[in-house]
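Asker: Here's the letter readout for the chains.
There are 2 protein chains.
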Amino acid sequence: MPRYKLTLEYDGTPYAGWQTQAHLPTVQAALEGALAAFYAQPVATFCAGRTDAGVHALGQVVHVDAPEAREPYAIAKGLNALLLPQPIAVLKAEEVPADFDARLSARRRHYRYRILNRPARPALDAMRVWNIHRPLDISAMEEAAQHLIGRHDFTSFRSSECQSASPVKTLDTLTITRAGEEVILTASAKSFLHHQVRIMVGTMALVGMGKWPATRVAEALAARDRKAGGLTAPACGLYFVQVEY
Amino acid sequence: MPRYKLTLEYDGTPYAGWQTQAHLPTVQAALEGALAAFYAQPVATFCAGRTDAGVHALGQVVHVDAPEAREPYAIAKGLNALLLPQPIAVLKAEEVPADFDARLSARRRHYRYRILNRPARPALDAMRVWNIHRPLDISAMEEAAQHLIGRHDFTSFRSSECQSASPVKTLDTLTITRAGEEVILTASAKSFLHHQVRIMVGTMALVGMGKWPATRVAEALAARDRKAGGLTAPACGLYFVQVEY
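First to last, the sequence lines map onto chains X and L.
Going by my numbering, the letters in the first sequence line up with residues 1 to 245, in that order.
Going by my numbering, the letters in the second sequence line up with residues 1001 to 1245, in that order.
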């Protein structure tokens, strides 16, 4: 059984997240539907990171054990045709060694968060950005980010439903950039806790709006209590960008 | 009757273009519907450029003569609420002198065209870009663009249905930039003929794909015949970006 690595782009808007759920449309169900049609039998998928409802992907990675060998290019092309008109595209298919695991082999994950920082709501980027009306103070947000970078107990920055055994994670980078009307945050780490990026973004947004001093982020982290952390930024601004192996 | 200038962003996908048509959804009909609800009477709109079906706008400009004076901020806010959930946003409302005319006062119009230059179809940017699979030769496209810049008879680059009295226009700038997987073209001029930007882009794409030598663009221009020009690029990649007054 050859193993393939698939790199996916998708619009998370119409999906109840990555993971298959009864009676709800999910990215996994759509992809497994296309795989079942392509191979004329069920094929299971394993992803690098289970995105939540409404979260987008520019480079989600999945591995599958295929019932037969096919040209990787033909697999990508065939799946893309079968996925239409759904907003999911296979960017690349590659044959990988049998010990490649989309989740366990990942060395680093990259996320991006887009804030549209202007008074008017988005027309073209509705469901693609978080619209914050008040001008954000980027310097204050950068100061706040410094408190989060490194190895910490991120209990205050994970969902109460997070199933990770340990709340200790190492955040490699957290950057904030203004690009026209947008404020773009990027976060990189080997792995993240559930909702960690969205809570970090929501908390930094409170700092950017002047509702929190930057130092309160350090206090929130030290409290190791989700109630001490800031708000959870909306799913629609989040993009799972890339996985390094 | 105070006159207001409205700056609009919209997703052109669900509309049969700007201009009101019987039995079809249009941006003008949507905006005039919101204005009628806001002022409790009909208010006519006049735009800087009538975009075609599927063409997007980041900065379309409209003027209206309002039946009463209101705070510009309140007008924008009120119209935005009334336009929901349609993908049209009023970015700004400003009171302008009675001789301001969205179309006639325009000194310069700016368009952008987005090509997604990769084998895989777009998932997140479906209906936002033109997907060209073959890698484009940007240098050749830049060479082709040089033939189009300046004052020319653009008969070969206008729709056969174009109603402009003269085919002579001055193209101020035409640039091509690669940004990751995208190739972005920008065009600026006082005014454009019908389909001019899309035919210029379609023709340059033929050059970028190696189907035309760059010099054939000069020949096409000299022919003054639409049949000598290249293909019309799809509407979905085109953005009406800004109008200078």
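Check before you lean on any hint, since a few could be wrong.
Simulated DEER-style distance windows between Cβ atoms [unchecked claim]:
#1 X/H133 x L/R1151: 39 to 49 Å
#2 L/K1077 x X/Q146: 31 to 41 Å
#3 X/E143 x L/R1070: 53 to 63 Å
#4 X/P14 x L/S1166: 20 to 30 Å
#5 X/T186 x L/S1139: 26 to 36 Å
#6 X/R151 x L/R1070: 50 to 60 Å
#7 X/L84 x L/H1194: 55 to 65 Å
Under 10 Å between C-beta atoms, here's a sample of chain L residues computed to sit facing chain X [stated by the list, open to error]:
#8 A1053
#9 Y1073
#10 R1121
#11 L1124
#12 Q1163
For the record, the hints were derived by calculation from the structure and aren't laboratory data.
Glycine included, every Cβ here is placed at the ideal spot set by N, Cα and C.
Asker: All hints, please: hold or fail.
Answerer: Status of each hint after checking the structure:
The given range of 39 to 49 Å is respected by X/H133 and L/R1151, whose C-beta atoms sit roughly 44 Å from each other. In this structure the hint that L/K1077 and X/Q146 lie 31 to 41 Å apart at CB holds, the actual value being about 37 Å. Between X/E143 and L/R1070 the CB atoms are about 41 Å apart, so this pair departs from the stated range of 53 to 63 Å. X/P14 and L/S1166 have their C-beta atoms about 47 Å apart, which leaves the hinted 20 to 30 Å range violated.
Between X/T186 and L/S1139 the CB atoms are about 31 Å apart, so this pair conforms to the stated range of 26 to 36 Å. Between X/R151 and L/R1070 the beta carbon distance is about 55 Å. The supplied range of 50 to 60 Å therefore holds. Checked against the hint of 55 to 65 Å, the pair X/L84 and L/H1194 fails, with Cβ atoms roughly 31 Å apart. Because the beta carbon of L/A1053 sits about 16 Å from the nearest beta carbon in chain X, more than 10 Å, this interface hint is broken.
Hint status for L/Y1073: holds, given a least beta-carbon distance of 8 Å to chain X, under 10 Å. Of the supplied interface hints, the one on L/R1121 holds, with its beta-carbon coming within about 5 Å of a beta-carbon of chain X, less than 10 Å. A least Cβ separation of about 5 Å between L/L1124 and chain X falls short of the 10 Å threshold, and the interface hint therefore holds. Checking L/Q1163 against chain X: minimum C-beta separation of about 28 Å lies over 10 Å; hint violated.
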